[in-house]
Each structure stands twice: as C-alpha cells, then as structure tokens.
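S.K.: Sequence:
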Amino acid sequence: EERFLFPKTPEIFSSDIDSQSMDIMRQNIRDLPFPTAIEADQADFFSLDPVKILKKNHEQHRVIVLNPPYGQRIKTDASQRQFYKAIGQKLRQDFKGWKIGIIIPSKTLAACLGLQLNINPVFHGGLTIYNGIGQIQAG
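Numbering (my numbering), first residue to last: 1 to 139.
Calculated from the structure, these hints are not laboratory results.
Some hints here could point you the wrong way.
Said to hold, decoys possible - Simulated restraints, written as ranges between beta carbons of each label pair:
| # | residue 1 | residue 2 | range |
| --- | --- | --- | --- |
| 1 | Gly126 | Ala37 | 26 to 36 Å |
| 2 | Asn120 | Arg3 | 29 to 39 Å |
| 3 | Asp31 | Ala111 | 37 to 47 Å |
| 4 | Ile24 | Asn120 | 35 to 45 Å |
What the hints assert, rightly or not - Subject to a maximum C-alpha distance of 20 Å in a straight line, what follows is the list of computed DMTMM-like cross-link-like pairs (lysine to aspartate or glutamate):
| # | residue 1 | residue 2 |
| --- | --- | --- |
| 5 | Lys90 | Asp31 |
| 6 | Lys99 | Asp49 |
| 7 | Lys90 | Asp23 |
For every residue, glycine included, the Cβ atom is placed at its ideal position computed from N, Cα and C.
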C-alpha cells in the first residue's frame, strides 16, 4: 500500500466571487483526503494580492489557473473584450513571472489578454473553448 503525505498547511489557494460557488467548492474540499492543503476564499480576482497568496517557502510554485466568466454571463462583445483586457492587465501587473493556465471562449478574447500563450481548443459540452498556457511577462 502506498502512503501519501498530505500538507498540513495550504499549498493551493482557490477563490470565486460567487457565494454559492464557494459553498460548493468548500464542500468538495472537505470531501478530499487532503482538505488542509487547499485554502478557499470568496474574492474578486481583481482584488487578489499574490504576495498574500504565496507562502515564503512556495515561491518557486507560482502558477495561476483561471476560468473567467464568458458567454451569457457577460452581456456584450465589447464588455467581454474590456473584461479580458482588464484580466491581462492585472496579470501583467501583479503576477509577472508566474505560469498561467486560462480558459478562454475565443481566440479573439485570448488576444485581448495581451499575453503570450499557447492556445489549444477544448471541446466542452458542445462548445469549442480554448485553454491558454504560458508564462506572464511584465507589461
């Protein structure tokens, strides 16, 4: 039998702005064999401070994964473009040097991020969306 040593302090930080999503996330975390490894807070992405997220001994593990809202959750094409530009600006300003994985609804919105990403299609529930993977450079 293999044994795993699970961390006693959070190694993963997760957040969502929606309280119902956070309730589900917290329940899912409690059901894991390593619930102490994940910290979950209700927060807006634009208010996140990477210095507070990082633990001093985890400086080398700087990875951010985002699944921002898209489609019907954002009303117009113009507001989607503006939203994704703001995400890119926040990432370049506060998360430079971090690795990134992000779900994006279109290649057009990927370009709005202003990041150098490898873009690949993902087929999800009949939709074609994209994942972008890369490293955030200063902007």
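S.K.: Decide, hint by hint, whether the structure agrees.
M.R.: Taking the hints in turn, this is what the structure says about them:
{"no.": "1", "hint": "Gly126 to Ala37: 26 to 36 Å", "verdict": "34 Å, holds"}
{"no.": "2", "hint": "Asn120 to Arg3: 29 to 39 Å", "verdict": "36 Å, holds"}
{"no.": "3", "hint": "Asp31 to Ala111: 37 to 47 Å", "verdict": "39 Å, holds"}
{"no.": "4", "hint": "Ile24 to Asn120: 35 to 45 Å", "verdict": "27 Å, violated"}
{"no.": "5", "hint": "Lys90 to Asp31", "verdict": "32 Å, violated"}
{"no.": "6", "hint": "Lys99 to Asp49", "verdict": "16 Å, holds"}
{"no.": "7", "hint": "Lys90 to Asp23", "verdict": "26 Å, violated"}
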